[in-house]
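Chemist: Spelled out, the chains give:
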Amino acid sequence: MFDPITPLGHADPQTLTIGLFTIAERSDTALASLATRRGRSDDITRAAAANGVPLPDPGRYASETLSAFWLSPDMWMVEAPFASHEDIRAHLLAIFHDAASITEQTDAWVRFDLTAANLPDLMERLCNVDLRAAADHAATRTVIDHLGCYLIKRSATTITLYGPRSSAETLLHALTVAANSLT
Amino acid sequence: MPTRYGDALIRALVQAGQEFDAVVYGTEALGVMRIEKGHVAGNELNGQSTALNMGLAKMVSRKKDAIGMALSAREGLTKDDGLRLVGVKPVDLAMPMQAGSNFLKTGMAATAEHDDGWLTSLVFSPHLGHYIALGYLKNGSARLGERMRVVNLLNKTEVEVDIISPHFIDPDGSRLRV
Numbered sequence: 001m002f003d004p005i006t007p008l009g010h011a012d013p014q015t016l017t018i019g020l021f022t023i024a025e026r027s028d029t030a031l032a033s034l035a036t037r038r039g040r041s042d043d044i045t046r047a048a049a050a051n052g053v054p055l056p057d058p059g060r061y062a063s064e065t066l067s068a069f070w071l072s073p074d075m076w077m078v079e080a081p082f083a084s085h086e087d088i089r090a091h092l093l094a095i096f097h098d099a100a101s102i103t104e105q106t107d108a109w110v111r112f113d114l115t116a117a118n119l120p121d122l123m124e125r126l127c128n129v130d131l132r133a134a135a136d137h138a139a140t141r142t143v144i145d146h147l148g149c150y151l152i153k154r155s156a157t158t159i160t161l162y163g164p165r166s167s168a169e170t171l172l173h174a175l176t177v178a179a180n181s182l183t
Numbered sequence: 001m002p003t004r005y006g007d008a009l010i011r012a013l014v015q016a017g018q019e020f021d022a023v024v025y026g027t028e029a030l031g032v033m034r035i036e037k038g039h040v041a042g043n044e045l046n047g048q049s050t051a052l053n054m055g056l057a058k059m060v061s062r063k064k065d066a067i068g069m070a071l072s073a074r075e076g077l078t079k080d081d082g083l084r085l086v087g088v089k090p091v092d093l094a095m096p097m098q099a100g101s102n103f104l105k106t107g108m109a110a111t112a113e114h115d116d117g118w119l120t121s122l123v124f125s126p127h128l129g130h131y132i133a134l135g136y137l138k139n140g141s142a143r144l145g146e147r148m149r150v151v152n153l154l155n156k157t158e159v160e161v162d163i164i165s166p167h168f169i170d171p172d173g174s175r176l177r178v
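Residue numbers (this note's numbering), protein chains in the order written: chain F, 1 to 183; chain G, 1 to 178.
There may be inaccurate statements among the hints.
[Stated by the list, open to error] Pairwise CB distance ranges, derived in the manner of DEER restraints: (1) G:Q48 with F:L16: 49 to 59 Å; (2) F:R38 with G:K138: 55 to 65 Å; (3) F:H173 with G:D21: 34 to 44 Å; (4) F:S101 with G:L93: 52 to 62 Å; (5) G:N46 with F:T170: 47 to 57 Å; (6) G:D81 with F:D145: 50 to 60 Å; (7) G:E19 with F:S166: 27 to 37 Å.
[To be verified] Far from chain G, by Cβ distances over 12 Å, these chain F residues were calculated: (8) D3; (9) R37; (10) S41; (11) R46; (12) A108.
[As the list claims (entries may be wrong)] Taking beta-carbon pairs under 8 Å as the criterion, some of the chain F residues facing chain G (in silico): (13) I5; (14) S27; (15) T106; (16) D107; (17) G148; (18) Y150; (19) R165.
No wet-lab data here; the hints were simulated from the structure. Just so it is clear, the structure is predicted and the values come from calculations on it, not from any experiment. Glycine included, C-beta positions come from ideal geometry on N, C-alpha and C.
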């Protein structure tokens, strides 16, 4: 009955190619934050290991059955395929029960996947992350055009940005302006 | 309702509401309607205003104690020429007024010393077809019917206005009790 729209307001995710840069909107990822409740670290570690949920170290992203990146001490953002995990909170509750506080975050964010051989040239114009020095699977919070974002370096040529969904077009504008300046 | 379905939801609600003449409205419309009804909100609730200022003194029982009762009885807050909520409309209904303007008596020099109060909330009323405003006017409740000027001392604009009841629409509330 209800047709979803993407953060950029279309029926399908948009992909832009600007010179050598590809900026792809993604709406096929479900997100939830996972925070350890007081005194339950061991329970979380055990349940996560048994169910393929990585709990990466600070500044890191990791992928097993599901993927996750570090947000703050004892807190992670968990990624899952939207098609199978639209109600991601229910999936994670079934794993962690009352040992964690789990908050669905899926539609709070816009996800852009950026692909290019010279991504550091682009990102050094946009934020304070030293992408050249960052290892693969580095993940950090940063600010782009006054918007708080998460940046995940998936490989040398691909990063993911999560920015606030309601500012999706603003974030895209910042990305395209910077990309255009390099073409 | 996940955000991605929000757009579809509001469209479905609008469609489903057609047979009931349902309309969607937002905070701007709410702001216009509360001013048309003379309801005080943020601009009038400024941290200095009391129930007496807002024309709500009768709602505060003097027979019982309440938080703020002692303060509300202090001389400075109860004097006759204190600020009272009034309604304002331009004499020439085609004239727009300016938010932030001050009340000045007719004939007074346009300086801050002659200020008798100020416009707090100003909108164009689609129901009345002209600008209306709420304001705090010294001894305002005894001055309904007075003709004054609202003067913006910064922008140097001036509009002749009538001081009226702040209840612009349906003052007896009959439309709410059908």
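Chemist: Hints first: check each against the structure and report whether it holds.
Modeler: Against the structure, the hints come out as follows:
1. G:Q48 with F:L16: 49 to 59 Å: holds, 52 Å
2. F:R38 with G:K138: 55 to 65 Å: holds, 57 Å
3. F:H173 with G:D21: 34 to 44 Å: Between H173 (chain F) and D21 (chain G), where Cβ atoms are some 40 Å apart, the hint holds.
4. F:S101 with G:L93: 52 to 62 Å: holds, 57 Å
5. G:N46 with F:T170: 47 to 57 Å: At 33 Å between Cβs, range violated.
6. G:D81 with F:D145: 50 to 60 Å: This hint holds: roughly 52 Å between Cβ atoms.
7. G:E19 with F:S166: 27 to 37 Å: holds, 32 Å
8. D3: violated, 5 Å
9. R37: holds, 25 Å
10. S41: holds, 31 Å
11. R46: Holds, because the least Cβ-Cβ distance between R46 (chain F) and chain G comes to about 31 Å, which exceeds 12 Å.
12. A108: The assertion about A108 (chain F) is violated, with a minimum of 8 Å to chain G.
13. I5: This hint holds: I5 (chain F) lies near chain G, its Cβ roughly 5 Å from the closest one there, short of 8 Å.
14. S27: This hint holds: S27 (chain F) lies near chain G, its Cβ roughly 7 Å from the closest one there, short of 8 Å.
15. T106: holds, 7 Å
16. D107: Hint on D107 (chain F): holds, closest Cβ of chain G at ~3 Å, below 8 Å.
17. G148: With a closest approach of 17 Å, the G148 (chain F) hint is violated.
18. Y150: violated, 18 Å
19. R165: holds, 6 Å
In the structure shown, a violation is registered for the earlier hints numbered 5, 8, 12, 17 and 18, in ascending order.
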